[in-house]
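Take a look at the letters that make up each chain.
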Amino acid sequence: MSLETLSEFNWSVMTPEFIILGVIALLTLLDLFMPKRIDRRILGWLSIAGIIAAMAALFSLLGTEPTSILYDTFTLDMFGKSFKLLLLAGAGLVMFLAVSYDAKEGMEDYRGEFYYLFLTALLGAMFMTSSGDLITLFIGLELLSISSYILAGIKKHNLKSNESAMKYVINGSIATAITLFGMSYVYGLTGSTNLAEIANKLSAVVDGQHTYLLGLAFLMIFVGLSFKLASAPFHMWAPDVYQGAPTPVTAFLSVVSKTAGFVIVIRILISVFFNAAPSGDGGSILFKMHDYLAFLAAVTMIIGNVVALKQTNIKRMFAYSSIAHAGYLLVALTTLSANLIFSVWFYLLAYMLMNLGAFAVIQVVTEKTGSAEIADFAGLYRRSPVLAVTMGILLVSLAGFPGTAGFIGKLNIFVGAFYGEPHYVLASIMIATTVVSYFYYFGVMTQMFFRPAREESKFNLPFGIIVVLIVAVVGSVLFGVAPNIALDFLNKM
Amino acid sequence: MNLQSTLSILVFSPLLGIIVLAFLPKQSEKLIKVVGFLATIPALLIALAAYLHFQWGKDLADFAVSKAWIQFRGMGGVPEPFFSVNYELALSGFQLVLVVLTAVVATLSALAAAKFVKKEWKGYFMLFLLLEIGMLGVFTAENLILFFIFFEITLIPTFFLIGKWGYFEKEKAAYSFLIYNGLGSAVLLIVIMILFAKTGTTNIEMLAQIMADPSAPLSGDLKLGLLISLLIAFGVKLPIFPLHSWMLKVHVQAPPSVVMIHSGILLKIGAYGLIRFGMGIFPEQFKTLSILIAILGVINLLYGAFLAFIQTDFKMVLAYSSISHMGIVLIGLAAMNEAGVQGAIFQVISHGLISALLFFLVGVLYERTDTSLIGNLGGIAKGMPIAAGFLLAGAMASLGLPGMSGFVSEFMAFLGLFKELPWIAAVGTIGIIMTAAYLLRAVLGMTYGKSHREFTGVLDLKGVELIPVGVLMLLIVVIGVFPSVLSSPLQTTLETIMLGIGG
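These protein sequence lines map, in sequence, to chains G and W.
Residues in the first sequence are numbered from 1 upward in steps of one, following UniProt numbering.
Residues in the second sequence are numbered from 1 upward in steps of one, following UniProt numbering.
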């Protein structure tokens with residue numbers, strides 16, 4: 001590649017990525033040369049500034065036509081823009097949690113990494129939204145994963161944190177290996193790593209043997225990626241990792257990492273397998289695999305919601321809750337309705353708001369009490385009405401009651417399930433497990449509002465937490481009452 | 001005059017109270033109670049004005065409002081909305097009557113709450129007002145999604161009102177309320193979604209029209225399945241035996257002011273749903289099921305009555321009596337003729353008033369004597385003659401004494417069923433005798449029964465307490481003596497329903 005062709009590319013479409021990359025470089029150097037005594041929290045604020053700048057750059061790009069550069073390995077289309085926005089917003093909120101985080105033990109010396117590793121993970125996720133090639137997709141995925149492994153274990157002297165990182169890295173590697181194995185079949189069948197080209201070649205596959213191989217590849221890729229979604233069968237890491245990792249990292253894993261997981265699943269499912277190996281009777285391979293997807297979605301919802309009932313640790317409970325939400329999102333994927341991308345996007349938006357808000361409350365409470373037992377939420381209404389009411393609204397949204405974004409998100413998925421060919425069983429499981437989820441979400445409510453407090457001390461809310469709570473509550477209610485704000489915005493892109 | 005925003009103001013007027021309450025300090029008990037009470041007044045006044053509007057011969061359709069609200073589109077600028085929900089409120093005669101009932105009971109319950117609620121008034125009244133928004137919305141919503149949204153909005157405040165301000169087993173009661181009703185509304189949502197996917201609309205009037213059209217894209221079996229699902233969804237709410245166990249817990253454990261609302265209004269949502277959606281949208285299938293519904297009604301009536309007879313706690317007597325009386329609603333509906341349906345609707349209103357009255361009295365008795373056991377309350381008439389008098393009058397209304405609202409409704413419901421299914425109706429009449437038996441046993445046992453302790457020290461009803469009792473009693477008698485105050489607004493609704501059944 002000569003310098004001339006390199007300069008011909010429309011690099012401006014990568015501005016948000018470049019900004020994040022620049023901030024990472026800057027932070028690494030600053031961390032290196034800054035004297036030890038300076039509080040590294042400043043790096044966190046710089047990261048927030050970087051994320052805001054990247055968002056601004058993305059906004060300025062919203063009007064651009066779909067553009068591909070670097071021989072179709074990087075594409076900025078509506079899909080990329082809309083999900084990138086989610087990732088940036090999610091990571092921004094997580095950074096606010098991170099600057100308010102007080103680790104208490106085992107971390108002070110490593111603060112610097114704590115901030116810029118979030119950014120490298122974010123960069124990986126952003127590349128995934130835009131990549132048009134299996135290689136860049138995979139590199140983005142690995143950048144995200146490896147940064148998250150370190151983040152989970154960043155409390156170096158804390159046993160739980162170490163266990164969490166260890167479990168995460170081992171499970172993650174296995175999952176990645178499976179995904180990669182699946183991808184190798186796809187490459188073997190088509191001889192290309194470019195998604196558009198793969199889709200093109202696969203639509204011509206008619207050979208029964210090849211179809212079989214393709215089905216296998218599909219399942220392997222999907223099963224491997226279910227690790228990132230925290231959905232069955234690769235969900236078992238979630239409770240341990242969520243419990244052991246520092247709260248901002250848990251929040252990051254449950255929101256940004258999950259969003260990135262759905263990004264890659266949709267990319268591969270829709271662009272590669274949607275028209276693959278069409279046959280006269282049942283349509284493409286994706287439609288033939290439909291029952292497996294439905295089964296995994298159902299199992300994910302059931303495991304997530306039922307096991308959450310038994311949890312006494314709030315972070316573990318939220319891990320299972322996050323598994324359950326992955327299951328709802330898989331329902332949207334399974335039904336393949338016309339508004340699939342939109343309903344996944346909206347649900348992830350709603351989920352980001354309510355989950356990050358809830359983690360903000362969890363962070364404050366666990367820091368104060370030193371444990372993450374649900375029983376420690378007892379009497380929160382007495383100790384801090386603001387925190388309790390905020391958490392109440394977010395829990396109501398998580399449970400999917402009307403008036404909140406969580407309801408609109410579920411309704412959206414639900415409508416999709418009945419459109420076209422109706423999925424009665426899957427929809428019934430979804431709604432039945434939703435009712436089951438009332439038990440554990442309202443269990444926290446019971447503690448906060450009905451039970452007496454163990455101690456009466458009040459809470460001081462750091463600035464970062466207040467920002468997250470305001471954004472989360474206002475967003476959850478606003479998108480619940482007037483969801484068209486988000487819808488129209490998306491349609492204008 | 002443009003009345004389009006009237007209904008929105010009616011439904012959301014309690015919101016003003018919530019906002020004001022949010023800024024009041026927690027400790028100012030008096031002020032909070034006054035604001036909480038006053039916040040229910042605008043809805044009451046508007047509801048009464050709408051009633052007068054109707055009685056002066058003007059059209060209720062003036063109130064209808066319809067605006068685009070949510071539109072889901074597929075991505076990539078698909079012009080046709082994938083799914084849209086309009087914000088549609090309207091008032092028919094039936095809805096008007098229920099809105100007035102809601103507004104009246106809500107105001108009286110706020111008065112009662114000022115009396116009965118002993119802690120955290122601020123939270124109580126904010127939740128209570130939210131509940132009122134939900135109830136008013138349920139009865140004015142014109143499309144199923146909006147109905148569902150308001151329906152779910154009633155769940156959360158009720159959960160907290162029971163769980164925080166209730167008696168000993170309040171949390172258990174709150175949970176079983178939440179889960180049973182959650183399951184009920186889950187079934188309801190599935191029905192709504194199937195209807196939407198098949199017809200492309202959730203507007204109630206339009207759905208009724210589409211279903212009446214023989215070329216509708218739904219098979220008869222599917223319609224029957226949907227109606228049975230609706231029967232389950234609203235059967236939880238009504239409640240229909242065997243889906244009733246949650247309701248007993250709620251009636252015993254919830255604070256009296258909440259039970260007034262719960263028994264007076266919330267249970268009636270089940271009846272409203274069955275009539276408006278079950279009968280309104282699937283008239284033919286309703287006819288197919290009418291024998292089943294009649295039998296369910298008789299079971300409810302007898303089961304409730306028999307169990308009410310052996311209860312020792314007066315609250316339990318009233319709870320089973322509610323089940324029994326909801327059986328009469330089902331009996332009236334199963335008749336599928338004008339008298340029957342009218343009787344059912346009358347029963348809905350009448351029971352709303354009577355149970356609100358009786359539960360208020362129970363609340364007063366419990367507050368004065370720390371017990372609601374019939375045995376322990378023997379001879380209460382000596383200490384509290386006025387309360388005992390109203391208790392007796394309420395019981396008379398409940399057992400259907402002529403001249404009171406209970407009589408009109410029971411009489412018409414049975415009249416209807418005797419025309420259609422005389423044998424089932426004949427079995428049902430046993431229930432009426434039982435009703436008289438258990439109510440008299442309980443009430444006489446309390447008022448004139450053997451006295452175990454002296455009630456000379458306890459205070460009788462006085463001051464503000466007389467307002468809820470007086471108003472409710474007045475309404476019960478007015479409906480009993482002049483049934484036309486109710487039947488005239490219901491006329492057009494009944495005609496529409498009859499048209500659906502006949503065609």
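Accuracy of the hints is not assured; some may be wrong.
[Said to hold, decoys possible] Below, in silico cross-link-like pairs of lysine-lysine (DSS-like), each with a Cα-Cα straight-line distance of 30 Å or less: (1) Lys164/W with Lys67/W; (2) Lys198/W with Lys26/W; (3) Lys67/W with Lys310/G; (4) Lys33/W with Lys164/W; (5) Lys287/W with Lys223/W; (6) Lys67/W with Lys119/W; (7) Lys119/W with Lys368/G; (8) Lys119/W with Lys33/W; (9) Lys462/W with Lys30/W; (10) Lys368/G with Lys164/W; (11) Lys287/W with Lys382/W; (12) Lys223/W with Lys419/W; (13) Lys118/W with Lys164/W; (14) Lys462/W with Lys26/W; (15) Lys458/G with Lys67/W; (16) Lys450/W with Lys462/W; (17) Lys288/G with Lys26/W; (18) Lys118/W with Lys172/W; (19) Lys310/G with Lys164/W; (20) Lys458/G with Lys160/G; (21) Lys36/G with Lys156/G; (22) Lys458/G with Lys450/W; (23) Lys310/G with Lys167/G; (24) Lys368/G with Lys288/G; (25) Lys223/W with Lys458/G; (26) Lys462/W with Lys33/W; (27) Lys164/W with Lys30/W; (28) Lys30/W with Lys458/G; (29) Lys368/G with Lys33/W; (30) Lys287/W with Lys458/G; (31) Lys115/W with Lys67/W; (32) Lys164/W with Lys458/G; (33) Lys118/W with Lys58/W.
No lab work stands behind these hints, which were simulated from the structure alone.
Verification of the supplied hints:
1. Lys164/W with Lys67/W: 38 Å, violated
2. Lys198/W with Lys26/W: Violated: Lys198/W and Lys26/W sit about 51 Å apart, past 30 Å.
3. Lys67/W with Lys310/G: At roughly 44 Å apart (the allowed maximum being 30 Å), Lys310/G and Lys67/W break the hint.
4. Lys33/W with Lys164/W: 18 Å, holds
5. Lys287/W with Lys223/W: Roughly 12 Å between the alpha carbons, so the hint for Lys287/W and Lys223/W holds.
6. Lys67/W with Lys119/W: 41 Å, violated
7. Lys119/W with Lys368/G: Distance of about 28 Å is within 30 Å: holds.
8. Lys119/W with Lys33/W: The given pair, whose Cα atoms are some 11 Å apart, holds under the 30 Å limit.
9. Lys462/W with Lys30/W: Distance ~19 Å between Lys462/W and Lys30/W Cα, so the pair holds.
10. Lys368/G with Lys164/W: Roughly 25 Å between the alpha carbons, so the hint for Lys368/G and Lys164/W holds.
11. Lys287/W with Lys382/W: With a Cα-Cα distance of about 52 Å, the restraint between Lys287/W and Lys382/W is violated, given a limit of 30 Å.
12. Lys223/W with Lys419/W: Given that 30 Å is the threshold and the Cα spacing comes to 27 Å, the pair holds.
13. Lys118/W with Lys164/W: The given pair, whose Cα atoms are some 11 Å apart, holds under the 30 Å limit.
14. Lys462/W with Lys26/W: 28 Å, holds
15. Lys458/G with Lys67/W: Violated, at about 45 Å.
16. Lys450/W with Lys462/W: 25 Å, holds
17. Lys288/G with Lys26/W: Not OK: Lys288/G and Lys26/W at ~60 Å, beyond 30 Å, violated.
18. Lys118/W with Lys172/W: With a Cα-Cα distance of about 21 Å, the restraint between Lys118/W and Lys172/W holds, given a limit of 30 Å.
19. Lys310/G with Lys164/W: Satisfied, since the Cα-Cα distance of roughly 23 Å is no more than 30 Å.
20. Lys458/G with Lys160/G: 28 Å, holds
21. Lys36/G with Lys156/G: 18 Å, holds
22. Lys458/G with Lys450/W: 54 Å, violated
23. Lys310/G with Lys167/G: 22 Å, holds
24. Lys368/G with Lys288/G: 52 Å, violated
25. Lys223/W with Lys458/G: Distance ~57 Å between Lys223/W and Lys458/G Cα, so the pair is violated.
26. Lys462/W with Lys33/W: At roughly 18 Å apart (the allowed maximum being 30 Å), Lys33/W and Lys462/W satisfy the hint.
27. Lys164/W with Lys30/W: 20 Å, holds
28. Lys30/W with Lys458/G: 27 Å, holds
29. Lys368/G with Lys33/W: Distance of about 35 Å is beyond 30 Å: violated.
30. Lys287/W with Lys458/G: Violated, because 62 Å separates the two Cα atoms, which is more than 30 Å.
31. Lys115/W with Lys67/W: 41 Å, violated
32. Lys164/W with Lys458/G: Holds, at roughly 22 Å.
33. Lys118/W with Lys58/W: Given that 30 Å is the threshold and the Cα spacing comes to 45 Å, the pair is violated.
Against the hints set out earlier in the document, violations occur for numbers 1, 2, 3, 6, 11, 15, 17, 22, 24, 25, 29, 30, 31, 33.
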